[in-house]
Amino acid sequence: MNELVFFINKVMISGAVIGAIYAMGAIGITLVFSILRFAHFAHGDLMTTGAFLTFFLTAMFPAAGPAIGLPTAFVMLPIAMVITSLLAVSIDKAFYKPLREHNVKPIVIVMASIGVTFMLQGLVRLFFGTGSRNLYIDDRKEIFRLDLPFELASRKLVITEPQILLFVFMIIAVVALHLFLTKSRLGKAMRAMSDNADLARVSGINVNTVVIVTWVIAGSLATAAGTLLSLDVALKPDLSFNILLPIFAAAIVGGVGHVYGAVIGGFVVGFAESLAVFNWAILLRPMAEKWGWDLPANLALVPTEYKITVPFFILIAILVMRPTGILKGKVL
Amino acid sequence: MFANYKREVILFSGLFLLIMLVMTFMGAAYSTRMLVEAACYAIIALGLTIQWGYAGLFNAGIMGFIALGGFITMLFSFPVNEDFWASGHASDLGSVFFKLVLGIALIWGSIKLTRFGVAQKWQRLITLILIGAVYITFMASLDPVANAIEKDVGFIGGFGLPVWLGWLVGGVAAGAISYGIGHICLGLRSDYLAIATLGIAEIIKAFLKNADWLTHGTLTVSPLPWPTPGPSDLGFIMARALYLSLTAAMIAIIFFLLTRAYNAPWGRMLRAIRDNETSSLAMGKNVNGRRLEVFIFGSFLMGVGGAVLTTFNGIFDPSGYIPLNHTFLIWVMVILGGAGNNLGTLFGAVFVYIIWTMSEPVALWVFDVVRHLGESWFDWQAPGDLDSRALQARVFVIGLTITLVLRYAPKGVIPERIVHHT
Numbered sequence: 001m002n003e004l005v006f007f008i009n010k011v012m013i014s015g016a017v018i019g020a021i022y023a024m025g026a027i028g029i030t031l032v033f034s035i036l037r038f039a040h041f042a043h044g045d046l047m048t049t050g051a052f053l054t055f056f057l058t059a060m061f062p063a064a065g066p067a068i069g070l071p072t073a074f075v076m077l078p079i080a081m082v083i084t085s086l087l088a089v090s091i092d093k094a095f096y097k098p099l100r101e102h103n104v105k106p107i108v109i110v111m112a113s114i115g116v117t118f119m120l121q122g123l124v125r126l127f128f129g130t131g132s133r134n135l136y137i138d139d140r141k142e143i144f145r146l147d148l149p150f151e152l153a154s155r156k157l158v159i160t161e162p163q164i165l166l167f168v169f170m171i172i173a174v175v176a177l178h179l180f181l182t183k184s185r186l187g188k189a190m191r192a193m194s195d196n197a198d199l200a201r202v203s204g205i206n207v208n209t210v211v212i213v214t215w216v217i218a219g220s221l222a223t224a225a226g227t228l229l230s231l232d233v234a235l236k237p238d239l240s241f242n243i244l245l246p247i248f249a250a251a252i253v254g255g256v257g258h259v260y261g262a263v264i265g266g267f268v269v270g271f272a273e274s275l276a277v278f279n280w281a282i283l284l285r286p287m288a289e290k291w292g293w294d295l296p297a298n299l300a301l302v303p304t305e306y307k308i309t310v311p312f313f314i315l316i317a318i319l320v321m322r323p324t325g326i327l328k329g330k331v332l
Numbered sequence: 333m334f335a336n337y338k339r340e341v342i343l344f345s346g347l348f349l350l351i352m353l354v355m356t357f358m359g360a361a362y363s364t365r366m367l368v369e370a371a372c373y374a375i376i377a378l379g380l381t382i383q384w385g386y387a388g389l390f391n392a393g394i395m396g397f398i399a400l401g402g403f404i405t406m407l408f409s410f411p412v413n414e415d416f417w418a419s420g421h422a423s424d425l426g427s428v429f430f431k432l433v434l435g436i437a438l439i440w441g442s443i444k445l446t447r448f449g450v451a452q453k454w455q456r457l458i459t460l461i462l463i464g465a466v467y468i469t470f471m472a473s474l475d476p477v478a479n480a481i482e483k484d485v486g487f488i489g490g491f492g493l494p495v496w497l498g499w500l501v502g503g504v505a506a507g508a509i510s511y512g513i514g515h516i517c518l519g520l521r522s523d524y525l526a527i528a529t530l531g532i533a534e535i536i537k538a539f540l541k542n543a544d545w546l547t548h549g550t551l552t553v554s555p556l557p558w559p560t561p562g563p564s565d566l567g568f569i570m571a572r573a574l575y576l577s578l579t580a581a582m583i584a585i586i587f588f589l590l591t592r593a594y595n596a597p598w599g600r601m602l603r604a605i606r607d608n609e610t611s612s613l614a615m616g617k618n619v620n621g622r623r624l625e626v627f628i629f630g631s632f633l634m635g636v637g638g639a640v641l642t643t644f645n646g647i648f649d650p651s652g653y654i655p656l657n658h659t660f661l662i663w664v665m666v667i668l669g670g671a672g673n674n675l676g677t678l679f680g681a682v683f684v685y686i687i688w689t690m691s692e693p694v695a696l697w698v699f700d701v702v703r704h705l706g707e708s709w710f711d712w713q714a715p716g717d718l719d720s721r722a723l724q725a726r727v728f729v730i731g732l733t734i735t736l737v738l739r740y741a742p743k744g745v746i747p748e749r750i751v752h753h754t
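Protein chains in written order, with the numbering used here: chain X, 1 to 332; chain E, 333 to 754.
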């Protein structure tokens, strides 16, 4: 029984946490991909930048959180989201829009986004250094250890405060985004843009507004994902290329252009990662003792060092077998 | 004749002056080292210019091909580890790989099952189960052998073969990997290729870093033998100059062949595909076939360049390969110099590499000045890791350069010359 609780702690909870982070990143990627039609490589660094902005605000007003009873970083998150959205919009104005207006190939904009990646990376590391930081400055991370009502389970279910905040935030964000995209005029305009940009333009949709809203959503969710991830583990400036592959895989698995698809993709990739690196020997040990099997000490499908291969092979598999993704997205 | 090439002549004269300036200030030993490294980067950049400039393929995983080339040349040229071959591990390892080959043969056979009247649905299922079984068996049998090798003899060592063979095989290995990637991704939009190559580069690096039994991992392998007499025989300057002439000869050969290929029907077909894919398809050209060819050739050059670079550095350190230095710096070289123009790429490679190396002391100096001014004027307490932050400022400059070049000089300083073959 203890082994099962360990499995839940190690795989179900951590897989759901990382899946939710990937999902929030993938929503941004999928929106930019379907509306602006390029793969936004700077998304990982947008997350880092947002998280560091939160860190900066938290360091400025460390007393704000305890007054409400939430982590200060979480209280500061909305402000950081606004600032990052403004940043994302101005990056678009300065670097992507001129290229779009020149009618360059989309791949050139991808390259420009790599340039933006390095600019953000350089700036973050210039101002905050290369070391890792803790987002809890004046407050402490609360960890809940839940007793299970079974007799055999002496091990406790562990969940932390930022993890709960993450799930709550993600559910609210996804539902709100869904309502926005299906019910509001602007959301419908965005979907029209993603289905057929030229047709949307001639039918009087203001392209500029749609682009700005896209960046606001992408920037806010990236900030939230970066901050909530750093709340759960630690704030490090090296997210960029490591997180890019899983979130692209998530967006493509879900189907480019689908918000729910991105969420499904994020959880698929997150659970696949944590299932692949989980040491199955732990779960099988009680059975092995019972039946007298000979178990090796480590039965992980993929060694932890090779975690990055999991999203890669998911990506390759989906590109070979079903390039449209689970929800029949676009193949651009 | 030079009237047409005024821009090239001016730029290369400027480059020559820059090299002379570096020579004067930094000494001959330093500058020859810099030039050899620039030459290695030039080989890699030529590989990228045929992928991006000739065919418009976005390769974001150059680092992986460089690291692979470096690893293969280490494996081939490093002296034989007698302990390993004398121990029983060699035959153990051999049997593990024999099992792997057997497994791959089985998988391949199962793919062909459809010819014997097996429905495709079942063939796919059988193949998937076989892949899983072979993978698990291989991992389970490799693990103890790998651990034993690491414990007893460190790593398997090299083969002690000539260096040039390692360079060649390094290129071939890079080409083989790119065949696999290209086969899957070239039919899709170019963004997917970028993502996939980014991933494969990280995977190659993770493998080289963690497969200690094969690569010595983070413990690094040195010194790698040179194909030319080393510094101990000739002194630093002469040895490096000799190595430089070797790389220069390689560049000359590659340059000549690439220029021939560019002007040949093959190169013109590539440009047609790049500039208008639809009409090339209508002309009956095999678009994906040509793209696959050029992707493999480019990766081959990257592998060779990486091998030459690693051999010159004399040390194989898998953690030393980083995306910024080994992927995107090369992108800057190619787009700044002029994608699709071999001369421009050559100029870009040497120029950007010199600026990049020189920017390190410059950035440190600038930040030192800032620290002094800040301390004396504003009582500013400089953070302790200011030097490492100063180097990060260069990352920002690289990013800014990429975006500005794309915006204001998308064709580079020496744009591609469209020759009209009449």
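Careful, some of the hints might be misleading.
With a straight-line Cα cutoff of 25 Å, these simulated DSS-like cross-link-like pairs (lysine-lysine) come out [unchecked claim]:
1. X:Lys93 to E:Lys743
2. X:Lys10 to X:Lys93
3. X:Lys105 to E:Lys743
4. X:Lys97 to E:Lys743
5. E:Lys617 to X:Lys105
6. E:Lys541 to X:Lys236
7. X:Lys183 to X:Lys307
8. X:Lys188 to X:Lys307
9. X:Lys307 to X:Lys105
10. X:Lys183 to X:Lys328
11. E:Lys743 to X:Lys307
12. X:Lys105 to X:Lys93
13. E:Lys453 to X:Lys328
For each label pair, taking beta carbons as the anchor points, the in silico distance ranges come out as [claimed, not checked]:
14. X:Arg322 to E:Leu347: 46 to 54 Å
15. X:Val233 to E:Leu718: 21 to 29 Å
16. E:Arg447 to X:Arg145: 52 to 60 Å
17. E:Gly441 to X:Lys105: 39 to 47 Å
If you are wondering where the hints come from, they were derived from the structure by calculation, not from laboratory data. Heads up, the beta-carbon is just placed ideally off N, CA and C, and yes, glycines get one too.
Exercise for review: Give me the numbers of the hints this structure contradicts, sorted from smallest to largest.
Suggested key: The structure breaks hints 2, 7, 8, 9, 11; every other hint is satisfied.
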